[in-house]
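Got chain H sorted already, so can you dock chain U onto it with the hints?
Chains as they are written, first to last, in this note's numbering: chain H, 7 to 250; chain U, 4 to 197.
These are calculated hints, taken from the structure and not from any lab test. Mixed in with the good hints there might be a few duds.
Unchecked claim - Residues on chain U that point at chain H, a partial pick, calculated with CB under 8 Å: (1) Glu34; (2) Val41; (3) Ala60; (4) Val66; (5) Ile71; (6) Trp74; (7) Arg76; (8) Leu99; (9) Val101; (10) Val136; (11) Ala168; (12) Val171; (13) Ile173; (14) Arg187.
Claimed, not checked - If you want the ones that stay clear, here's a sample from chain H, every Cβ over 10 Å from chain U, calculated: (15) Gly42; (16) Ala60; (17) Glu114; (18) Arg116; (19) Pro117; (20) Ala127; (21) Glu201; (22) Leu207.
The structure displayed is predicted, hence computed values, not measured ones. For glycine and all other residues, C-beta sits at the position ideal for the given N, C-alpha and C.
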Amino acid sequence: MTAHTGPSDAHTDGVDNDVDDGVDDGVDDDERLPCGRLLSRVWDDRKRQRAGTADPHPRTCPHCRRAVSGLDELGSAVAELRRDETADTSAYDTAPLAERVMDLVRLELRPGRPLPLGEPAEDLWIMEAVAARTLRAAAESVSGVRAGSCRLFPRSCALPAGTGRGPVEVRLDVHAPPGVPLPELAERIRGRVREAADLRLGMDVAAVDIRISDLTDTTADSAAESAAGGAPTCTTGSQEGRTR
Amino acid sequence: MAGVAGQNAPPDARGEADDTLLAVRAAEGDEDAFAVLVQRHAPALIRLAARLLGNRAEAEDAVQDAFISAWRRLPEFRNRSSFGTWMYRILTNRCLNVLRSRRPVASLDAARDVPAPEHSASPARMAEARDAVRELRAALDLLSVEQRACWVLRELDGRSYEFIADAVGISQEAVRARVFRARRCLTRAMGAWR
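Just chain H, same shape as in the assembly (with noise of 0.2 Å):
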């Protein structure tokens, strides 16, 4: 890396940045410099690189040079505090405050409503945020297979929450693997919900609506296993179906 930009150099950077939003159109408060030019005008052509083109008033008007210059030492100390916070930050590490934050959030848990468990006569309730990590996790077991929202909705649902009983309906979205036929893969995934809720849960389930909301190269890992057939590694679009 080297270490020092001269303003010209630093100053490429503020060209980019600008050029991309379209044209200053001035400021309100603008400043006249004693040669007349308005400092933002002055700053906006330096910016754009303009000022040794047609006009050569900028190179010779010791005011406008004097603001160039300005701009330009400010270009540089900003690019060298960037190369210091870059330096600064490779080594944070962000594990304490991702606890402390974790900490938190768990005394602010959102579990959902109740919903049943076991037999009809039974007394027993699931969280519906604890059911649905464990229906998302057995959605997921389908390989190349990555579960949104999960949401379970009791049947009778007319009742207040915490007293409807009987057969829960599951909603699940996916996203799913490309190069699988979905109704193929919806079955799969609804079996393995259906086999998590009941073994796993004792939950008896109505129905699994399952959506997929994405078809996805899954990233990384699966990125490299497929590298060798070729495949896109890539979102490849969105494309909606419910099945039953």
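This is chain U only, laid out in the frame that chain H set:
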């Protein structure tokens, strides 16, 4: 070497789940999904907060508050923007409030005391550059809260005027004016110390 800022391996062993999916799960109360989002976005958010506040301890507090606020508001977050952009907006607002409550400003000496990290360069150049950086850090404390926020987002973070206007909650023209005033204030301050 630069650019691998604090990226630990994601705790999610299944690989990279995308933010949208995780945000939906977190909105439904899945705190593990939220933990992955926190891990993933903390480094960039800390960097932004440190730039806006000029102080690492306050930056950490602001990021922590922003994440807690996000956890509470996730059920209303409908993925209209990306999770990252949404967090950026929450954090910018949080930092603006911190800056507003902080006036009058911290002393310039405090800003000058920030140590410059080591990097490879000739000693003379390094000293010169460090002086400039120190002056710049001190000069940032002379800006108004809104000038500072707009300037940092524009010049250090490289954000578009549109993005800044949205994050700060003012018009793009107002952002341009503030960036201009900030530049003028900074160039003057740095020139005066020379």
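Hints versus structure:
For U/Glu34, the interface hint holds, since its Cβ comes within 8 Å of a Cβ in chain H; the closest pair sits about 5 Å apart. Taking 8 Å as the C-beta contact cut-off toward chain H, the hint placing U/Val41 at the interface holds, the least distance being around 5 Å. For U/Ala60, the suggested interface contact is broken, since its CB lies about 11 Å from the closest CB of chain H, more than 8 Å. With its C-beta approaching chain H no nearer than about 7 Å, U/Val66 sits inside the 8 Å limit, and its interface hint holds.
Restraint check, U/Ile71 versus chain H: the minimum CB separation of about 5 Å is within 8 Å; hint holds. Nearest Cβ of chain H to the Cβ of U/Trp74: about 5 Å, under the 8 Å cut. The hint holds. Given the 8 Å rule on beta carbons, the hint for U/Arg76 is violated: about 12 Å separates it from the nearest Cβ of chain H. With a cut of 8 Å, the hint placing U/Leu99 at the interface with chain H is violated, because the nearest CB-to-CB distance is about 20 Å.
Contact between U/Val101 and chain H, as hinted, is not supported at the beta carbon level, the nearest pair being about 16 Å apart and thus beyond 8 Å. Proximity of U/Val136 to chain H holds as hinted, the smallest CB-CB distance being about 5 Å (cut-off 8 Å). Taking 8 Å as the C-beta cut-off, the interface hint given for U/Ala168 is violated, the closest approach to chain H being about 11 Å. Violation of the interface hint for U/Val171 is found here, the shortest Cβ-Cβ separation to chain H being roughly 15 Å, above the 8 Å cut-off.
With a cut of 8 Å, the hint placing U/Ile173 at the interface with chain H is violated, because the nearest CB-to-CB distance is about 13 Å. Because the smallest distance between the Cβ of U/Arg187 and any Cβ of chain H comes to about 7 Å, under 8 Å, the interface hint for this residue holds. Every beta carbon of chain U lies more than 10 Å from that of H/Gly42, the smallest distance being close to 18 Å; the non-interface claim holds. H/Ala60, annotated as away from the interface, keeps every beta carbon of chain U farther than 10 Å; the closest lies near 24 Å.
Under the 10 Å C-beta cut-off, the non-interface status given to H/Glu114 relative to chain U is violated; the minimum distance is some 7 Å. H/Arg116, annotated as away from the interface, has a beta carbon of chain U within 10 Å; the closest lies near 4 Å. Residue-level check failed: H/Pro117 sits 6 Å from the nearest beta carbon of chain U, not beyond 10 Å. The non-interface label for H/Ala127 is consistent with chain U: the shortest C-beta to C-beta separation is roughly 28 Å, beyond 10 Å.
Look at H/Glu201: its CB is around 19 Å from the nearest CB on chain U, clear of 10 Å, so calling it non-interface holds up. A cut-off of 10 Å between C-beta atoms confirms that H/Leu207 is not in contact with chain U; the least separation is 16 Å.
The structure fails to meet hints 3, 7, 8, 9, 11, 12, 13, 17, 18, 19 from the earlier list, while all remaining hints are met.
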